[in-house]
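Chains as they are written, first to last, in the numbering used here: chain S, 1 to 283; chain W, 1001 to 1364.
Among the hints, a few may not be true.
Derived pair list, reagent style EDC-like, types lysine to aspartate or glutamate, alpha-carbon separation capped at 20 Å [to be verified]:
no. : chain 1 : residue 1 : chain 2 : residue 2
1   : S       : Lys173    : W       : Asp1063
2   : S       : Lys173    : W       : Asp1069
3   : W       : Lys1244   : W       : Asp1364
4   : W       : Lys1161   : W       : Asp1231
5   : W       : Lys1112   : W       : Glu1127
6   : S       : Lys227    : S       : Asp237
7   : W       : Lys1234   : W       : Asp1276
8   : W       : Lys1234   : W       : Glu1203
9   : W       : Lys1161   : S       : Asp237
Everything labelled a hint here was simulated from the structure, so no lab data went into it. Predicted model, so just to flag it, every value in this text is computed and none were measured.
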Amino acid sequence: MTPRLRTTLLLAPATVWLLAMLVLPLVVVVVFSFGERAAAGGYTPAFSFENFANLGARWTAFKNTLMLAPVGTLLCLLIAYPLAYYLAVRADPKWRTLLLILVIVPFWTSILIRSYAWIYLLGGQGIPKLVSLLGLGSPRLINTPFAVLTGIVYGYLPLMVFPIYVSLERLDKRLLEASADLGSPPWRSFLQVTLPLSMPGVATGCMLVFILLMGEFLIPAMLGGGKVFFVGNALVDLFLQSRNWPFGAAVAVALVVIMLVTVTAYMRFTRRWAGGRDDVSLM
Amino acid sequence: MTGDTESSIAELRGATKRFGDVVAARNLNLSIRRGEFLSFLGPSGCGKTTALRMLAGFEAPTDGDIYLDGQRVNDVPAHQRPVNMVFQHYALFPHLTVAENISYGLRQRRPKPPAAEVAAAVARALETVRLPDFGPRRIWEMSGGQQQRVALARAIINEPKLLLLDEPMAALDKKLRHDMQIELQTLQRQLGITFVLVTHDQEEALSMSDRICIMRDGEIVQTGSPRDLYDRPKNRYVADFVGKSNFFAGRVESLEGETAKLTGPGGLSFIGYAGDGVGAGQPGLASLRPEQISLTRGTDGVPVSVVNRIFLGEHTEYLVRNPDLGQFLILASRQAEAGEGNLEPGETGSVRWRDGAALILKND
Chain S
1 MTPRLRTTLL LAPATVWLLA MLVLPLVVVV VFSFGERAAA GGYTPAFSFE NFANLGARWT
61 AFKNTLMLAP VGTLLCLLIA YPLAYYLAVR ADPKWRTLLL ILVIVPFWTS ILIRSYAWIY
121 LLGGQGIPKL VSLLGLGSPR LINTPFAVLT GIVYGYLPLM VFPIYVSLER LDKRLLEASA
181 DLGSPPWRSF LQVTLPLSMP GVATGCMLVF ILLMGEFLIP AMLGGGKVFF VGNALVDLFL
241 QSRNWPFGAA VAVALVVIML VTVTAYMRFT RRWAGGRDDV SLM
Chain W
1001 MTGDTESSIA ELRGATKRFG DVVAARNLNL SIRRGEFLSF LGPSGCGKTT ALRMLAGFEA
1061 PTDGDIYLDG QRVNDVPAHQ RPVNMVFQHY ALFPHLTVAE NISYGLRQRR PKPPAAEVAA
1121 AVARALETVR LPDFGPRRIW EMSGGQQQRV ALARAIINEP KLLLLDEPMA ALDKKLRHDM
1181 QIELQTLQRQ LGITFVLVTH DQEEALSMSD RICIMRDGEI VQTGSPRDLY DRPKNRYVAD
1241 FVGKSNFFAG RVESLEGETA KLTGPGGLSF IGYAGDGVGA GQPGLASLRP EQISLTRGTD
1301 GVPVSVVNRI FLGEHTEYLV RNPDLGQFLI LASRQAEAGE GNLEPGETGS VRWRDGAALI
1361 LKND
């Protein structure tokens, strides 16, 4: 068996899988997006740009996604970085593994069940009741952007913590000694050495969370109560409820294009941040 | 209380460092002279790196004091000490260019020095370590030897009162290491900065240092010039660590002033400088350097048979055997051998040594 043949054989399953499950469906979606809705729902072939012209009708979904996905990513980052820093740098190595497991434990339960828990916590009988018992008014939490963000941060935090943890854990501690030796106080060493060198982890974490958030639909559906919905929710609605497949396909294509543009811009930006290094992996 | 600022730039006074139950450094007393090249020499785990790290401010002494330029600095953190270090694996910042690495120290000063001034200093430092035009390069584009020069430039640009070098040559190959040793020595004279080197390589310490501080098990055994340590080792440890030596056990016959006489195996006598704790009538050890023994074909000395011979260029090293003395080494210069020619393994000859050539040490 020649090495070339062996390579081909080894790559064959992945190639077939990607062709069947990614490329082909994507082609179908693109073709559908130019079609028309059949009378009874579904798709009839056509070639029109009408679906794209109508995208404005789903503007709210795009707006929510494009606001809450970056904000959710940022919140995850702000909460995850100190946590990852503590785990990687400060925590007693004796407890480190246990603490890391605690970060993953919630993943052992379905996100659906955990979201139900949040519905209760944020609902009338949960935190708002507690607040009102304390005589601080009765805030409405469920079905608000706040509820959606809470669910997002809660659900995606580990995806942000781990890449940052890895990059901080790998950081050569002698570099911090060198920085101190050269006259830099600890906080400045953090800004000048630790932070830049953990950027690959930050970039990876942000990318993971952001991409998944752009396609999120479960958390907005459950904690947004139809008031705070994402593009994902619009797609579910278009394909399963109103059965307007061509319009749904156009929305999906628009989402893919937006993702491609933002992710490419983001990668450009982070690569510049990392000083043009080729060995800085983003994913 | 202040130190003797006239001649000493730094001092360890009874400095002790414990890590839990482990004593990494015990009661270190040492005065580092202004402008000298001092080496801490010893095997790994002897406390030499701990001593260096206490000077740098990475470790605070558990007991005792550290003085820098007359000031007690026990509680002064590393970033406030006028001391810089060349780390063992350089610890260069991978996200910065060569120039940014070198200017790092200057850029930490407050108020910040003007950019033009920093750039000029970087250019000078690069010139000093013979890496001009390498400023814009990335660290990972540099070879090991070049990285070391960058680490050196990053430290000397700050004009530290002490330049600490933690086994800086350990990662270089032999040829490069030798070149670097010469360069470091030249640089030290040129800059007039006090250098403190940590090494386990006795050759490195001997060739570069003005003074060497020999350590063992967290303690200083002896401090002195390379010549002192070679000619006047305090004990067997130092004699063994600095250069090669043959040791013969015996009894100290007499001790007069600094000179002792020892009767060794086969009633042979050894006369020479007496080390620490040598007393007449007590068991002792004669140390005889291989080059202090002469080997001839004649029969008017101590008879030996040649076991092995290693040609070293200018010198030849013989391993010889005598029934009383056992096996020992002789280093013969080419010149000394010119008349008689080489002895081959298996041949017999005789050896002799001058009175006073030996060192008489306590047998411990």
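Status of the hints after comparison with the structure:
1. Lys173/S with Asp1063/W: violated (26 Å)
2. Lys173/S with Asp1069/W: Not OK: Lys173/S and Asp1069/W at ~29 Å, beyond 20 Å, violated.
3. Lys1244/W with Asp1364/W: Holds, at roughly 18 Å.
4. Lys1161/W with Asp1231/W: Distance ~31 Å between Lys1161/W and Asp1231/W Cα, so the pair is violated.
5. Lys1112/W with Glu1127/W: With a Cα-Cα distance of about 23 Å, the restraint between Lys1112/W and Glu1127/W is violated, given a limit of 20 Å.
6. Lys227/S with Asp237/S: holds (14 Å)
7. Lys1234/W with Asp1276/W: Given pair Lys1234/W, Asp1276/W holds - Cα atoms ~5 Å apart, limit 20 Å.
8. Lys1234/W with Glu1203/W: Measuring from Cα to Cα gives roughly 19 Å; hence the hint holds.
9. Lys1161/W with Asp237/S: violated (73 Å)
Figure legend: structure checked against the earlier numbered hints; hints not met, in rising order: 1, 2, 4, 5 and 9.
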